[in-house]
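Protein sequences, first through last, are from chains A and B.
At position 257 of the first sequence the residue is numbered 257 (the UniProt record's numbering), and the sequence of numbers has no breaks.
At position 238 of the second sequence the residue is numbered 238 (the UniProt record's numbering), and the sequence of numbers has no breaks.
Rather than coming from a laboratory, the hints here were simulated on the basis of the structure.
Ideal Cβ placement from N, Cα and C applies to all residues, glycine included.
A few of these clues could be false.
[Stated by the list, open to error] Over the 10 Å line for every Cβ pair with chain A, so calculated as not near, a few chain B residues:
# : residue
1 : 41
2 : 47
3 : 48
4 : 51
5 : 54
6 : 67
7 : 80
[To be verified] Rough simulated footprint, nothing fancy, chain B against chain A, three-plus residues with beta-carbon under 8 Å:
# : region
8 : 83 to 95
9 : 302 to 311
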Amino acid sequence: MILEGWGRYPRLVSEVLDCQKPADAADVVAGRYGLIARGNGRSYGDAALGDVATLMCRGIGRMKSFDPQTGLLTVEAGAMLSDILEAFIPRGYFSPVVPGTKFVTVGGMIASDVHGKNHHRDGGFGAHVVSLRLLIADGSVLTCSRDENAELFFATIGGMGLTGIITEASFHMRRIETGWIHQETIVAQNLEEALAALQAADETSYSVAWIDCLARGASLGRSLIFAGEHATREQVLAHKAEKELFPPPKKARLSLPMDFPAWTLNRTSVSVFNEAYYRLGARKSAAPSLVHWNPHFFPLDGIQEWNRLYGRSGFLQHQCVVPEANALPVLGQILQRIADSGKGSFLAVLKKLGVGAGLLSFPMPGYTLALDLPVTEDVFPLLEEIDKVIVDAGGRLYLAKDARQSRQTFEAGYPRLASFKDIRRATGGDARFASRLATRLGI
Amino acid sequence: MTKTGKSVLLVGATSDIGRATALTYATAGWDVQLAGRNLEAVQREADDIGTRSGGQVSVHRLDILDSERFEDFVGRLPVLPDTVVCVVGELGEQVRAEKEIQHASMVMRTNFEGPALLLGIIADRFSPRGSGTIVGISSVAGDRGRASNYVYGAAKAGFTAFLSGLRNRLAQTGVRVVTVKPGFVRTQMTAGMKLPGLLTAEPNEVAAAIFTAAEEKTSRDIIYVRSVWWPLMAVIRSIPEPLFKRLKL
Chain A
1 MILEGWGRYP RLVSEVLDCQ KPADAADVVA GRYGLIARGN GRSYGDAALG
51 DVATLMCRGI GRMKSFDPQT GLLTVEAGAM LSDILEAFIP RGYFSPVVPG
101 TKFVTVGGMI ASDVHGKNHH RDGGFGAHVV SLRLLIADGS VLTCSRDENA
151 ELFFATIGGM GLTGIITEAS FHMRRIETGW IHQETIVAQN LEEALAALQA
201 ADETSYSVAW IDCLARGASL GRSLIFAGEH ATREQVLAHK AEKELFPPPK
251 KARLSLPMDF PAWTLNRTSV SVFNEAYYRL GARKSAAPSL VHWNPHFFPL
301 DGIQEWNRLY GRSGFLQHQC VVPEANALPV LGQILQRIAD SGKGSFLAVL
351 KKLGVGAGLL SFPMPGYTLA LDLPVTEDVF PLLEEIDKVI VDAGGRLYLA
401 KDARQSRQTF EAGYPRLASF KDIRRATGGD ARFASRLATR LGI
Chain B
1 MTKTGKSVLL VGATSDIGRA TALTYATAGW DVQLAGRNLE AVQREADDIG
51 TRSGGQVSVH RLDILDSERF EDFVGRLPVL PDTVVCVVGE LGEQVRAEKE
101 IQHASMVMRT NFEGPALLLG IIADRFSPRG SGTIVGISSV AGDRGRASNY
151 VYGAAKAGFT AFLSGLRNRL AQTGVRVVTV KPGFVRTQMT AGMKLPGLLT
201 AEPNEVAAAI FTAAEEKTSR DIIYVRSVWW PLMAVIRSIP EPLFKRLKL
């Protein structure tokens, strides 16, 4: 079957295997090689494309237990974040970390050690995992935690599924008083102001900046910074009725029924959109507002299949992190290159990160910039050039988004790769588990 | 979630429709009794539903082909439920059922004999109490026999007729009987089949329709999950037999 990631590039043939309960996973894995687990297929590039075969894990998605006292939730790894939020927000609990879409599985969130708008304060999803169950190459299932099989635990967090099949995980949910976010919008005229605003929002739970990556000159890096906290009961009751404290998820109102022709996203259309979005946001910046959890955390989930916006040939998401020290000049240089190329995208996001938990976790203290770029011939050399700037600055690229970085870029960015490979070899993972990403990057 | 103090028995709890229905009831604050043949599989669904809803879920072993034990099964339930939903269904393989008597028998007994006998016993307990709702999941396949699935269809037709008779018998007692005909549903049972989008419901949609018919719009006796099936099946039923027998449907 032809499989693709969310970016729809690359498209590759991989045998598809299915699994309906955790106990079956070992039988499916036995005798296989070049195999990778796939959750909901929301990684962008080739991380969830099995080199030979791909194990669909949505079937192992039941929830197992929850302790309201401690907030400890145990689920099978194919459980969807969207289902978890739907079940637990009305009961006053929220996931400790959420990525930019809720349509991901818990196994996928661990394998990518996803980060959210609270990474600077709370770390990635992996930091909140208490234990997990891992089916390794020899068919045995190991419990991994900070105390038990700890090396394998830290290799599996952010390990892109290359240590084995995650079948189950326990993590702590956090208590919330309401399902609303008390959000403030800050306008930054340029990159320097944007970084300063993110720095100033260090104490705020959630912060992220949307960048107009077509703005140039004195406005290079102009941004809207969204800073949010879980709203308290009092804050919400001042504006809403008691029964609206925990609003249900919003159904996607729009869906893209077809691939857009590639020319619809061009310099003019994107800059018109960006200008309008910037002005609208600037107008809202006057007063803080209450925002429903769904659009605050998952604005793009409001449009089903938004990935079709980039046309049939797909798109690349380029997400880098640059150490804090020289973030300003380095990010400035990257934005300048993007602005000069005219390849701006709707989605350009800047965010402050803290340390990552796993051996191959993406985050490091610094700033991360994510850009969406349609796949065209000339985008590859442009990104190659940008990667050099990032590597020189001591930064790296996010594997869950990657479809194209070079082995050199990858190896320069992940200093703990050797330890990761050792653990993978020691547990036989290197002989059995491989995604196209792993083969491409020599992991 | 506010507890209602009511309970529902789900028979066939490990099917996709059974799971979705159990979760709908549990989320609405009902205690849920899950029954199925494979206790380990039922327990997995019970944990899932209990975790998601925070509600009470109990598990009970029941083999729909083992009617000898039905009395005992009902007697051992923690309480006589307010509502029972029977989701048991086995599509089988039509061609195999034409050749193998055991397979045909299994399809008939699973879709008709077992569910009918079980619901009959429960009806006998509901009737003196003067309350209760019995929901049987039948099928549009029972509306008219077709070459492609008439063994299954005949069993479902029998079940539909049984529910109709039960409803008639209990009409004066305060016990309701609801017949649900889901149409095509995207489930494990239909995995790999090419289904027409407009006529095909998701398990959640079936669950919501069951809950609405059983607990909210309590005047409805027979429902199709997607209303487009009403006129469609009316047309199919009205085709004269001399013509119908020549059609490939």
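| request: Measuring Cβ to Cβ, find out whether residue 54 of chain B lies farther than 10 Å from everything in chain A. | output: violated (6 Å)
| task | Test the statement that residue 48 of chain B is away from the interface with chain A: the closest C-beta pair must be farther apart than 10 Å. | result | Non-interface label fails for residue 48 of chain B: nearest chain A Cβ at 4 Å, not farther than 10 Å.
| message | Over 10 Å from every CB of chain A: does residue 67 of chain B meet that, or does the non-interface label fail? | response | holds (29 Å)
| request: Take a quick look at residue 80 of chain B and tell me if its Cβ sits farther than 10 Å from every Cβ on chain A, holds or violated. | output: holds (28 Å)
| Against chain B, does the region 302 to 311 of chain A show at least 3 residues with beta-carbon separation below 8 Å? | violated (count 0)
| residue 51 of chain B non-interfacial with respect to chain A [C-beta, more than 10 Å] | violated (4 Å)
| said: A cut-off of 10 Å on Cβ-Cβ distance, and residue 41 of chain B was said to be off the interface with chain A. Does that hold? | reply: For residue 41 of chain B, whose nearest Cβ neighbour in chain A is about 8 Å away, the distance does not exceed 10 Å, so it is violated.
| request: Quick one: see if chain B covers the region 83 to 95 of chain A, three-plus residues with Cβ-Cβ under 8 Å. | output: holds (count 4)
| field | residue 47 of chain B non-interfacial with respect to chain A [C-beta, more than 10 Å] | value | Contrary to the label, residue 47 of chain B does not stay out of reach of chain A, its closest Cβ about 5 Å off (not over 10 Å).
Hint compliance for this structure: hints 1, 2, 3, 4, 5 and 9 are not met, and every other hint is.
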